[in-house]
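Those protein sequences? They're chains A and B, same order as listed.
Letter by letter, the first sequence follows residues 0 to 362 in numbering that gives the first Met the number 0.
Letter by letter, the second sequence follows residues 0 to 268 in numbering that gives the first Met the number 0.
These are calculated hints, taken from the structure and not from any lab test.
Hints should not be assumed to be uniformly reliable.
Listed next, the in silico DSS-like pairs over lysine-lysine satisfying Cα-Cα at most 27 Å (straight line) [claimed, not checked]:
id	chain 1	residue 1	chain 2	residue 2
1	A	Lys113	A	Lys16
2	A	Lys1	A	Lys95
3	A	Lys1	A	Lys183
4	B	Lys56	B	Lys69
5	A	Lys113	A	Lys66
6	A	Lys1	A	Lys113
7	A	Lys66	B	Lys179
8	B	Lys179	A	Lys113
9	B	Lys131	B	Lys69
10	B	Lys179	A	Lys95
11	B	Lys104	A	Lys16
12	A	Lys16	A	Lys95
13	A	Lys105	A	Lys66
14	A	Lys183	A	Lys95
15	B	Lys179	A	Lys105
Computed footprint of chain A on chain B; a stretch qualifies when at least three of its residues, placed anywhere within it, have a C-beta under 8 Å from a C-beta of chain A [to be verified]:
id	region
16	176 to 183
17	186 to 193
Nothing here was measured: the structure is a model prediction, and the numbers come from that model.
For every residue, glycine included, the Cβ atom is placed at its ideal position computed from N, Cα and C.
Chain by chain, the residues run as shown.
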Amino acid sequence: MKSIIEIDGVSRTFGGKVVAVDNVQLHVAEGEFVTLLGPSGCGKTTLLRMLAGFEMPDSGSVRLDGKDVTFLPPYRRDVNMVFQDYALFPHLTAAKNVGFGLERQKLDRAEIGKRVESALQLVGLSAMADRMPHQLSGGQRQRVALARAIVRRPRVLLLDEPLSALDANLREAMQVELKHLHNKLGITFIMVTHDQTEALVMSDRIVVMHRGRIAQAGTPSDLYDRPASTYVASFVGTSNIVEGTIVSVADGIAFERQGLRLRCLPLPGFSPGQRALAAIRPERLRIVNAGAKEANVIACTVEERLFHGNSVRLRCRLASGEVFLCDRQLNASRDLGALPDAGQPVHFAADPDSIALFREDSR
Amino acid sequence: MAETSQNYTASRIGDGVFGAAIAAILAYLYLPVAVLIIFSFNDSNTLTLPLSGFTLKWYEELFGNSDLKKALFNSFYVATLATALTVVIGVPAAFALDRMNFPGKTLFRRLVLLPLVLPGIITGIAMLNLFKLMGFRLGLETVIIGHATALLSVVVTQVFARLQRLNRNLEEAAADLGAKPWETFFYIVLPNIRSAIIGSALLSFTLSFDEIPVTFFLTGRDNTLPMYIWSTMRRGITPEINAVGTLIVAASLVLIALSVWMLRSNERP
Chain A
0 MKSIIEIDGV SRTFGGKVVA VDNVQLHVAE GEFVTLLGPS GCGKTTLLRM
50 LAGFEMPDSG SVRLDGKDVT FLPPYRRDVN MVFQDYALFP HLTAAKNVGF
100 GLERQKLDRA EIGKRVESAL QLVGLSAMAD RMPHQLSGGQ RQRVALARAI
150 VRRPRVLLLD EPLSALDANL REAMQVELKH LHNKLGITFI MVTHDQTEAL
200 VMSDRIVVMH RGRIAQAGTP SDLYDRPAST YVASFVGTSN IVEGTIVSVA
250 DGIAFERQGL RLRCLPLPGF SPGQRALAAI RPERLRIVNA GAKEANVIAC
300 TVEERLFHGN SVRLRCRLAS GEVFLCDRQL NASRDLGALP DAGQPVHFAA
350 DPDSIALFRE DSR
Chain B
0 MAETSQNYTA SRIGDGVFGA AIAAILAYLY LPVAVLIIFS FNDSNTLTLP
50 LSGFTLKWYE ELFGNSDLKK ALFNSFYVAT LATALTVVIG VPAAFALDRM
100 NFPGKTLFRR LVLLPLVLPG IITGIAMLNL FKLMGFRLGL ETVIIGHATA
150 LLSVVVTQVF ARLQRLNRNL EEAAADLGAK PWETFFYIVL PNIRSAIIGS
200 ALLSFTLSFD EIPVTFFLTG RDNTLPMYIW STMRRGITPE INAVGTLIVA
250 ASLVLIALSV WMLRSNERP
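With the sequences and hints as input, model every part of the structure.
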């Protein structure tokens, strides 16, 4: 598929020392839903703002549909943005807010009216056309902002933490709605968020950013199941990370940490004696009996049992001192009694394919 | 039962004291204005009670007094142009303070504010010296310049404060929606700071209209209304002056109503 956005070697430094974006390379296919994910200060917002034209890179280039737009002002770019705080014009009605971009295109009144109406209808706000922004609820304002951004039929829609100001229930509903809207419009969506659940649910592809660089880019399941670093493993989902040494690479890799020996799948790039990190998802652990004949048995002590409604998280501690988490889905009988209590010893088994190994420098 | 009636009496006394306090405050604020208005219609040359009868003759005399009419016109001329000047200089200055970073910005902001707290008599003498030095002829125009320097701070502070509260994302959103910088200014920024500009302009107008110290030093032989009233006062308060005062009160009320209406229509266009 052809690339609608080509970001090549883009860097941006603030105040001569803070490197916000560091040599980023990212191509986005037409119609893709890409999420830039990372903690605050990772450069995701700066990257988005360079796509919108609010920031100019110090080096590198940004192409939109093959055309170099690196230094084009925002009002000459075929992209529109949904702002985190919505940035609705407080002195204009919802309909006037939505129509603002069309008026700048010098379309005739009838055409503007028609398109504003259909955009408001698309976000389910036809009845609120004449309300002022301060008369709308947070969710309604969000929809106006969305309608205002899509009414110009941009090639790319930019979303800056679009759901962060909504309460939890509404946020979940809007995640689904935004995804439907993406399917319906067929245009490219670039979203910025620090919420990994949001990113996993909504995106075709997630770009995890770390200190201005791309830590990993891939589909949600790629990132979750095959994280490229412990940073990604712990930022996308939760991971138990144990530091240890490689003791053997024959017949799979053997990893050791103070009485804990793990057998992992064969992987190139490791040699005996090397320091390494092992990451295991909490939900991949099985509870087994003390003397079980399993490949990787991990002995811990339960410190806390946290009830999550549909699952229970066991917060345990390894003999070597690390915190170790295990998530158990509650089945139909909801048998909490079968799970060990706080203070009790517990044994987990981790299948070799559930352990991700990283070189120590991959952090 | 007895207790409740006691409470009732106590609360009635309380209400009475409260009402009297309100009446006293209002009387303190508005009794002088009421006296002014009443005596402007009183058929007597002197300000003495009892009232002797209703007349409009002081208003007739007022309109026959060419000196007074000239002074009134001069005051409007000065206040209008001084206000226009402060808005034309003050609004861009407020933008510069809000948007730009330049060396000495804080100093600039303090210096712009200084004329407001500087006693008018100092501004007056200082500008008189300067105009003399530069060989300007004193007249209403020098008064306008004098007023504008002091009033500039009124406009700058008001507009600057509003700009500080204006969400900068609005301008980015406008640009994002295809608005060129001038369109963003006229369609987004200006409507959101309009009330601050109008409000500070009205305040400047009234401050300029009744200004005496600066005017005293900078006007040549031309009189503004406050100057004229002040000069005639040396012969005592005439009913004619009361009539002028009443007209000014009426005009002020109209201006206040106008500004309230404009600010409200700004909120809900």
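Now for the hints, and whether the structure bears them out:
At roughly 49 Å between alpha-carbon atoms, Lys113 (chain A) and Lys16 (chain A) are farther apart than 27 Å, so this suggested pair is violated. For the hint pairing Lys1 (chain A) with Lys95 (chain A), the CA-to-CA distance comes to about 35 Å; that exceeds 27 Å, so the pair is violated. Taking the CA atoms of Lys1 (chain A) and Lys183 (chain A), the gap is about 20 Å. The hint holds against a cut of 27 Å. Pair hint Lys56 (chain B) plus Lys69 (chain B) holds up; C-alpha atoms about 20 Å apart against a cutoff of 27 Å.
Restraint check: the Cα-Cα separation between Lys113 (chain A) and Lys66 (chain A) comes to about 30 Å, which exceeds 27 Å; the hinted pair is violated. Note on Lys1 (chain A) and Lys113 (chain A): the hinted pairing is violated, with a Cα-Cα distance of about 32 Å set against a maximum of 27 Å. The straight-line distance between the Cα atoms of Lys66 (chain A) and Lys179 (chain B) is roughly 20 Å, inside the 27 Å bound, and the hint therefore holds. Of the supplied pair hints, the one linking Lys179 (chain B) and Lys113 (chain A) holds, its CA atoms being roughly 24 Å apart against a limit of 27 Å.
Distance restraint check for Lys131 (chain B) and Lys69 (chain B): the Cα-Cα separation of roughly 26 Å lies within the 27 Å cut-off, and the hinted pair is therefore satisfied. Under the criterion of a C-alpha separation no larger than 27 Å, the hint pairing Lys179 (chain B) with Lys95 (chain A) is consistent with the structure, at around 18 Å. Distance hint between Lys104 (chain B) and Lys16 (chain A) is fulfilled; the C-alpha atoms sit about 24 Å from each other, no more than 27 Å. The suggested pairing of Lys16 (chain A) with Lys95 (chain A) is violated, with an alpha-carbon distance near 42 Å, which exceeds 27 Å.
For the given pair, Lys105 (chain A) sits about 24 Å from Lys66 (chain A) by alpha-carbon distance, which is consistent with the 27 Å threshold. About 24 Å separates the Cα atoms of Lys183 (chain A) and Lys95 (chain A), which keeps this hinted pair within 27 Å; it holds. Distance hint between Lys179 (chain B) and Lys105 (chain A) is fulfilled; the C-alpha atoms sit about 13 Å from each other, no more than 27 Å. Residue count for the region 176 to 183 of chain B with a Cβ under 8 Å from a Cβ of chain A: 5. That meets the three needed, and the coverage hint holds.
With a threshold of 8 Å between beta carbons, the proposed coverage of the region 186 to 193 of chain B by chain A holds, since 4 of its residues qualify and at least three are required.
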